[in-house]
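Given next are the chains, with one letter for each unit.
Number of protein chains: 4
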Amino acid sequence: MGTLSSSLLSQLESQVIELPSWAFGNSGTRFKVFSTPGTPRTIQEKLADAAQVNKVTGLSPKVALHIPWDKVDDYDALRDTAAELGVTVGTVNSNTFQDDAYKFGSLTHIDAGIRQKAIDHHFECIDVMDATGSQDLKIWLADGTNYPGQGNLRGRQDRLADSLQKIYDRIGESQRMVLEYKFFEPAFYHTDVPDWGTSYAQVSALGDRALVCLDTGHHAPGTNIEFIVMQLLRLGKLGSFDFNSRFYADDDLIVGAADPFQLFRILFEVVRGGGYGPGSPVAFMLDQCHNVEDKIPGQIRSVLNVQEMTARALLVDTEALDAAQNAEDVLGANNILMDAFYTDVRPALAEWREGRGLPADPMKAYLASGYQKNIAETRVGGQQASWGA
Amino acid sequence: MGTLSSSLLSQLESQVIELPSWAFGNSGTRFKVFSTPGTPRTIQEKLADAAQVNKVTGLSPKVALHIPWDKVDDYDALRDTAAELGVTVGTVNSNTFQDDAYKFGSLTHIDAGIRQKAIDHHFECIDVMDATGSQDLKIWLADGTNYPGQGNLRGRQDRLADSLQKIYDRIGESQRMVLEYKFFEPAFYHTDVPDWGTSYAQVSALGDRALVCLDTGHHAPGTNIEFIVMQLLRLGKLGSFDFNSRFYADDDLIVGAADPFQLFRILFEVVRGGGYGPGSPVAFMLDQCHNVEDKIPGQIRSVLNVQEMTARALLVDTEALDAAQNAEDVLGANNILMDAFYTDVRPALAEWREGRGLPADPMKAYLASGYQKNIAETRVGGQQASWGA
Amino acid sequence: MGTLSSSLLSQLESQVIELPSWAFGNSGTRFKVFSTPGTPRTIQEKLADAAQVNKVTGLSPKVALHIPWDKVDDYDALRDTAAELGVTVGTVNSNTFQDDAYKFGSLTHIDAGIRQKAIDHHFECIDVMDATGSQDLKIWLADGTNYPGQGNLRGRQDRLADSLQKIYDRIGESQRMVLEYKFFEPAFYHTDVPDWGTSYAQVSALGDRALVCLDTGHHAPGTNIEFIVMQLLRLGKLGSFDFNSRFYADDDLIVGAADPFQLFRILFEVVRGGGYGPGSPVAFMLDQCHNVEDKIPGQIRSVLNVQEMTARALLVDTEALDAAQNAEDVLGANNILMDAFYTDVRPALAEWREGRGLPADPMKAYLASGYQKNIAETRVGGQQASWGA
Amino acid sequence: MGTLSSSLLSQLESQVIELPSWAFGNSGTRFKVFSTPGTPRTIQEKLADAAQVNKVTGLSPKVALHIPWDKVDDYDALRDTAAELGVTVGTVNSNTFQDDAYKFGSLTHIDAGIRQKAIDHHFECIDVMDATGSQDLKIWLADGTNYPGQGNLRGRQDRLADSLQKIYDRIGESQRMVLEYKFFEPAFYHTDVPDWGTSYAQVSALGDRALVCLDTGHHAPGTNIEFIVMQLLRLGKLGSFDFNSRFYADDDLIVGAADPFQLFRILFEVVRGGGYGPGSPVAFMLDQCHNVEDKIPGQIRSVLNVQEMTARALLVDTEALDAAQNAEDVLGANNILMDAFYTDVRPALAEWREGRGLPADPMKAYLASGYQKNIAETRVGGQQASWGA
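Protein chains in written order, with my numbering: chain A, 1 to 389; chain B, 1 to 389; chain C, 1 to 389; chain D, 1 to 389.
Certain hints may be false.
Which copy is meant is left open, so a pair is good if it fits within one copy or across any two.
Pairs of lysine-lysine residues, derived as DSSO-like cross-links and limited to a Cα-Cα distance of at most 30 angstroms, are as follows [claimed, not checked]:
id, residue 1, residue 2
1, K71, K166
2, K71, K32
3, K373, K71
4, K166, K364
5, K32, K103
6, K32, K166
The hints are simulated quantities; they were obtained by calculation from the structure and are not laboratory data.
Keep in mind that this is a model prediction, so the values were computed, not measured.
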């Protein structure tokens, strides 16, 4: 099929990119959250939107929940709703940054009562996992301080270890915990899990089912992210990705939008390190904000970017690459990588997509479907979902 | 008076550090805005809080307004309220980032109608200036784009020039316009006024009363800010400072909290370049967010930091410094600067403060005053001020 | 011709990318400069190598000189040698960073005698320009300090202005001066021309034939370089590019190697802003170091990268882009840009190249030519050229 | 004794800051290495210079060697020379970046023969340790690549683990190995030990006597270094510091010169985490380049900076700090830290120094000693030491 072999295409068959429920709600900056017509008011409407992405791409049969934003009374009913829409519940994300109690920390808080409250919240998340069939509990910890001296860095780290142990002890045998790290924000002096080394040290102390979550927007300027991917795969501790892209800080832009070549390099290391394909322990997720662009199309663009770049990563002639590397042929080796990157895989993917009963151009198909117009007209009243609800 | 000569102290007599009204309201990140007891509900209450800072420090007789957050029906009454509190209205700040119309730009917007709306807003700000006696109009422009291709960079720049001209033409002979630049946020791909060069080029095209505002938190990592201070003073275009500090991005922490030595170097260049003292065109303002710390004490800490560091900057033996520089004595010259920085000016300033009828320890005096307890108890009901109100 | 129209290809006809003579010599880091067989010993051998790049690509008929590294006794003879090789002398680069006298500055030095020495060196460069037909004098100034207090920032800036004026007064009516800026290195506290704003302010004070040189590796992390390109073109002050790429600092890697999408965006703004094509004042130059890769192939790869990315920039459907931008269609506009970027222009360029009597695959042609083997065998003895000689 | 208690001063008694032999030789950038009169030609002369630093400060009785730069035929004689000068040999530093064989790697090289050569070099370093009584082998690995695809990141990491194991197996029971990490340079795409996480993972696989070396200049912009100090101490893996300071990259400036407050925070975490004082496993070393300033005075300034900042770190009222932290008193806690930082410890240290038979002002004493004049006059001829020799 043109530039892509059938063997390569078969490796794309099973690709799953999990969508975050919150990407369909409104988001913004501390300055302003703009609202848009058609924005979902409930988790059910978020699932419906996510199903549209899957319908035209075939790539996103899973939707990650965020608790409490997506709390419902009846998770069986939610599971049924999802099933009807052709999706399932993916990772459950906890929230320890919006309750007034957490102003000075949650799992790291000096106060044992507040720590327990945060631990209990994770127990609740595990209950949601049990009820929905979700397998991964993701912890992104906003804990940190804004001023030198404000907190005891070491004490906080020790308390974090203790809290994580309590949560880890609760997850089931077939469930996993992934611990995300982040360079900064919302804390501006120190963050309690600021880098992969800290996340790695913490999860290593827990056990096999505790792993690291790598958010591609959570690093210091200039960080070689694919190196971290390689290292975590080598150490057996890469659990999942939060894909997005950034020019400056944690911009949460569409994955691949800021530096497509970086995304390519990351996916190349994923493939090379055994992080892709059936049996791989690595979950692919999006974590993005569509502040100014349309949300459903934004998600469609995102999963297609990941798919197209995965195809390019799979295109790399690794045999020739090994040979060039072993021969110390710097430009030759680099050229083999670049050749895959510069190959236009889009026509072959469009053709292949059609062969699987999917639209050749998913974006066009979605825009032509009338769905956007419909939700804009019918989702009237109520409270549009955003990070607060 | 100990480490500080009377001549040096006399130079501190007239120091004025303008307080931002919004520093007394709640602020936070896109993740959460924590509220606190006693937070003002109105501009009048903000002025009352600002007056407390001035009362114990003698440093902050001016308060900057933000329109529309601080809009009132009767500016004469507001002026009277301020006067009773011992403060006056300083810079008027416009807001072109919170109206739904500005989602894709304000002064740079492709739509002439929206541009005019933004221009009209500035006319309204000038009316407020006229009514309150404010002399400076400050424009911080949030305009920008999130994705490559989203906007025409050149067209936006040209429209900006046109909009600024219209605003500049409206300000009075004794009024000034200052144009702030910012590296990024809320836009994540390009910002229309991202650096001092752009602000300088834009204001130079307007006239003498258009100047640059330098926010100390609005630069790329590693930027030598004191160099920019020197250059803008040399070019006659430094109009004002927005003081704050940062470890990562635009963290808006207390000035001097993240890198006190950098604040020292900045103030040294201000003094050396003629930007300090009576007759200087440079306005000192704070622009900070007290997300987790108490707001009034946060402002007290801030103005004291600026005062103490100004004292250290004035302490530098410039004659000896010149000699060492001319002799290419690298370590000698550096040591002259460091000697001033490492001098503990706090005891002398406390003594001097007392001699002027101010508390030796302004923070202690404020905390002992009962003011905080009082506002926490009495400011009940209503809507606490934050960036949205 | 496949993906590229004949109209587009005709715009590529006249593209010239100037090669730096020093790229053919050895280079490295402060830790080590590795030598390689076949490295030129003289400027004549450098020209011969440069001619090879032009021979297989048709893109590089100009070679920039660096004085004193490329000084000869007889410039007429050098001009003849160049002509025989099918190349001409391009920009003349001055050097004010390797003489012991410049330890504490050159054009900014406190000592008038040393300043004059540096000015005289530029007069000598202008003489070389006159003798070789070069039209551009490029000044990259390494001047700066390593420690706060070491130098008087303002005094140095004023002396720089004075020195530049003296040099500018000497250049001929048909010659230009371009002033390069650089974020840091070799100075580690302050650099006297650290940003585009400073270069712009300095050249604006001189006259029409003084312009800014933008080196793509000389910015703070995260800087939006294409914005600066747009702004300098808008202000009529973009004189030339030093192309290279970077992951961290001034890495001087092959242009397009680190962030191909950034190179695309830069070239798109060049094209859109009138900086490309006959009559444009913008000179395209390379400034790179081939520390570990082969030098001639490194230059071939570089000019091809610029050509391919220029083709992609020319591919952008600007009419559709304008329409999408005006309609505030964020994803649509972005997609139009990305569509051009993701188009594989290499096959069409290969075909077009063959039609012009050039090898379809320049790299393969060079590697097959035996040139590399020949110079490795025959350039024996003598001193291999590097930055010192 | 003024601001410093006798208990605090007694904690300073045993402070040792190891000097790098190479700091006394010439250094520079890739652009130029400036030479200076009096620069040592031999390791014996370097030791003599280092002894001067110790003579006036009492802080630096140890000198680190760099092999092969400091290789001698007779290490017994070298040990005697050192003893006569009142110093001993400290850490032995290996060099795997200047041999032509290491162009594409050393301990990570694809070629087993070159790996063994690099391993053998470390065996030789261990022999030097045995002969000189040195206890620490420090490995800073320059290995890395400049272009994506050039090397196999995973393969290199595995080979590194294997090479390190062989070296670790050779060190004696009372010896240690410390593995330094560095963000970038001399490699510009990937570095094989780029961050603390990688160094930690590698040394953890080896054993108790393998530890991490933290160079304060080897991090991405914005990195919270004191957090890493805390974490490594918590994990029991902080072996040593390479102190220096930076504004941009690995500038290797005098420690404390760029951001004194950061140095303070680092030392505070060292003290708090048990990394300071008798019995602590953490070695304090300098690693700096005196490119433009005098070298012996540069080292004097450096050790005094560390001593003064250690005194400030010890000054922190940790009891009050704990109380403020536990009370969530952000500004109070911060103020306790800042109070120590802003205290001028210099007069008390001068007085204390005199009481121990040391000059009150070490810099002045050195400058008055005539040593500099003497070496400038007598060290004539020979090859001044620099990184190459």
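Hint by hint, here is what the structure shows:
1. In the homo-oligomer, the alpha carbons of K71 and K166 lie at most 30 angstroms apart inside one protomer (23 angstroms), although the nearest pairing across protomers, at 51 angstroms, exceeds that limit.
2. In this assembly of identical chains, the alpha carbons of K71 and K32 lie at most 30 angstroms apart whether taken from the same copy (25 angstroms) or from different copies (19 angstroms).
3. In this assembly of identical chains, K373 and K71 lie within 30 angstroms of each other by CA distance solely inside one copy; the values are 27 angstroms within and 38 angstroms between copies.
4. For the homomeric pair K166 and K364, neither the shortest alpha-carbon distance inside one copy (48 angstroms) nor that between copies (42 angstroms) is at most 30 angstroms.
5. In this assembly of identical chains, K32 and K103 lie within 30 angstroms of each other by CA distance both inside one copy and across copies; the values are 21 angstroms within and 9 angstroms between.
6. In the homo-oligomer, the alpha carbons of K32 and K166 lie at most 30 angstroms apart only across protomers (26 angstroms), although the nearest pairing inside one protomer, at 38 angstroms, exceeds that limit.
Hint violations for this structure: number 4 only, all remaining hints satisfied.
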